[in-house]
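Start from the sequences and build out the full structure, keeping to the hints where you can.
Keeping their order, the protein sequence lines are chains A and H.
Heads up: the first sequence begins at 1 in our numbering, then just goes up one per residue.
Heads up: the second sequence begins at 1 in our numbering, then just goes up one per residue.
One thing to keep in mind: the hints can contain errors.
Cut-off 27 Å, straight-line C-alpha distance, at most; resulting in silico cross-link-like pairs (DSS-like, lysine-lysine) [said to hold, decoys possible]: (1) A/LYS120 / H/LYS90; (2) A/LYS93 / H/LYS90; (3) A/LYS68 / A/LYS92.
Now the stretches of chain H that chain A is said to cover, found in silico as 3 or more residues with beta-carbon under 8 Å [what the hints assert, rightly or not]: (4) 16 to 23; (5) 54 to 63; (6) 88 to 97.
A few chain A residues that don't get close to chain H, going by computed Cβ distances all over 12 Å [said to hold, decoys possible]: (7) MET1; (8) CYS24; (9) GLU73; (10) ALA76; (11) LYS89; (12) SER122; (13) SER125.
To be clear, the hints were calculated from the coordinates, so they are not data collected in a lab.
Yeah, the Cβ is synthetic: ideal placement off N, Cα and C, and Gly gets one too.
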Amino acid sequence: MKPINKMILKTDSRSINESFVRICVSAFAAQLDPDIEELSDVKTAVSEAVTNCIVHAYPDKVGEITVKVFIYENRAVKIIIRDKGRGIKDIKKAMEPLFTTLGGERAGLGFAVMESFCDKVSVRSAPGKGTTVNLTKTFVSRTYENE
Amino acid sequence: MAVKISSSPMRVTVSLSGEIDHHNAAVLRMEADEAIQSKLAPNVRLDFNEVTFMDSSAIGFVLGRYRIVESYGGNVEVINLTRRQFAMMKLAGLENVVKLKTKK
Numbered sequence: 001m002k003p004i005n006k007m008i009l010k011t012d013s014r015s016i017n018e019s020f021v022r023i024c025v026s027a028f029a030a031q032l033d034p035d036i037e038e039l040s041d042v043k044t045a046v047s048e049a050v051t052n053c054i055v056h057a058y059p060d061k062v063g064e065i066t067v068k069v070f071i072y073e074n075r076a077v078k079i080i081i082r083d084k085g086r087g088i089k090d091i092k093k094a095m096e097p098l099f100t101t102l103g104g105e106r107a108g109l110g111f112a113v114m115e116s117f118c119d120k121v122s123v124r125s126a127p128g129k130g131t132t133v134n135l136t137k138t139f140v141s142r143t144y145e146n147e
Numbered sequence: 001m002a003v004k005i006s007s008s009p010m011r012v013t014v015s016l017s018g019e020i021d022h023h024n025a026a027v028l029r030m031e032a033d034e035a036i037q038s039k040l041a042p043n044v045r046l047d048f049n050e051v052t053f054m055d056s057s058a059i060g061f062v063l064g065r066y067r068i069v070e071s072y073g074g075n076v077e078v079i080n081l082t083r084r085q086f087a088m089m090k091l092a093g094l095e096n097v098v099k100l101k102t103k104k
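Okay, here's the thing in structure tokens:
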């Protein structure tokens, strides 16, 4: 399916950009007129993915994060979040709820949250090759009862 | 300021506001812990009334405070959660260790 619109964003992996990226993506997805809950789902999932880039992909340096967003006529949004960082050795393990390599106060719930708020989450990664996370969500058709 | 503290001998209330993500959690943690560790009250309340956004960093934040309060024998409750925040915390199994209360 061909997207009806797209945007591309590149930013440094600085934690201050977590809110910037999620707000940009949700502002763009708002073109599809989702409800507030659906938009919060997008914001939350994007926040998790971007945080992963900052804390895992580039643990001790600042790298580049690329975010591409496509929207489709059937009210689907596809978000691709990509880094060129350290990569993930065992993707299945990384996606297990409560698994974290960091300890401290990371809850190990990033992927679990993405999965609960999106229709589809897919991850491509290899050690040293960076990570690409694909998030897809279709907004439910609106019914305007009072119109 | 992102954190407001009020306290009585039995309780410290930490009122959070704004967005809780990985970036903001660091400051919230410092301010909350300063209050919690100086009072050592038996009950610590984390008030989410003014929290407009949270991701899983907020779950880490609650768990971290729970570990501190639990270490001196206190208990934690999290109040004024939206239905969505409540659902996320339940997903993480937080209800097994802290009391979760939604907004009225």
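How the hints compare with the structure:
{"no.": "1", "hint": "A/LYS120 / H/LYS90", "result": "holds (21 Å)"}
{"no.": "2", "hint": "A/LYS93 / H/LYS90", "result": "holds (22 Å)"}
{"no.": "3", "hint": "A/LYS68 / A/LYS92", "result": "holds (24 Å)"}
{"no.": "4", "hint": "16 to 23", "result": "holds (count 4)"}
{"no.": "5", "hint": "54 to 63", "result": "holds (count 8)"}
{"no.": "6", "hint": "88 to 97", "result": "holds (count 3)"}
{"no.": "7", "hint": "MET1", "result": "holds (29 Å)"}
{"no.": "8", "hint": "CYS24", "result": "holds (14 Å)"}
{"no.": "9", "hint": "GLU73", "result": "holds (28 Å)"}
{"no.": "10", "hint": "ALA76", "result": "holds (22 Å)"}
{"no.": "11", "hint": "LYS89", "result": "holds (21 Å)"}
{"no.": "12", "hint": "SER122", "result": "holds (19 Å)"}
{"no.": "13", "hint": "SER125", "result": "holds (19 Å)"}
Going through the hint list in order, the structure satisfies each hint without exception.
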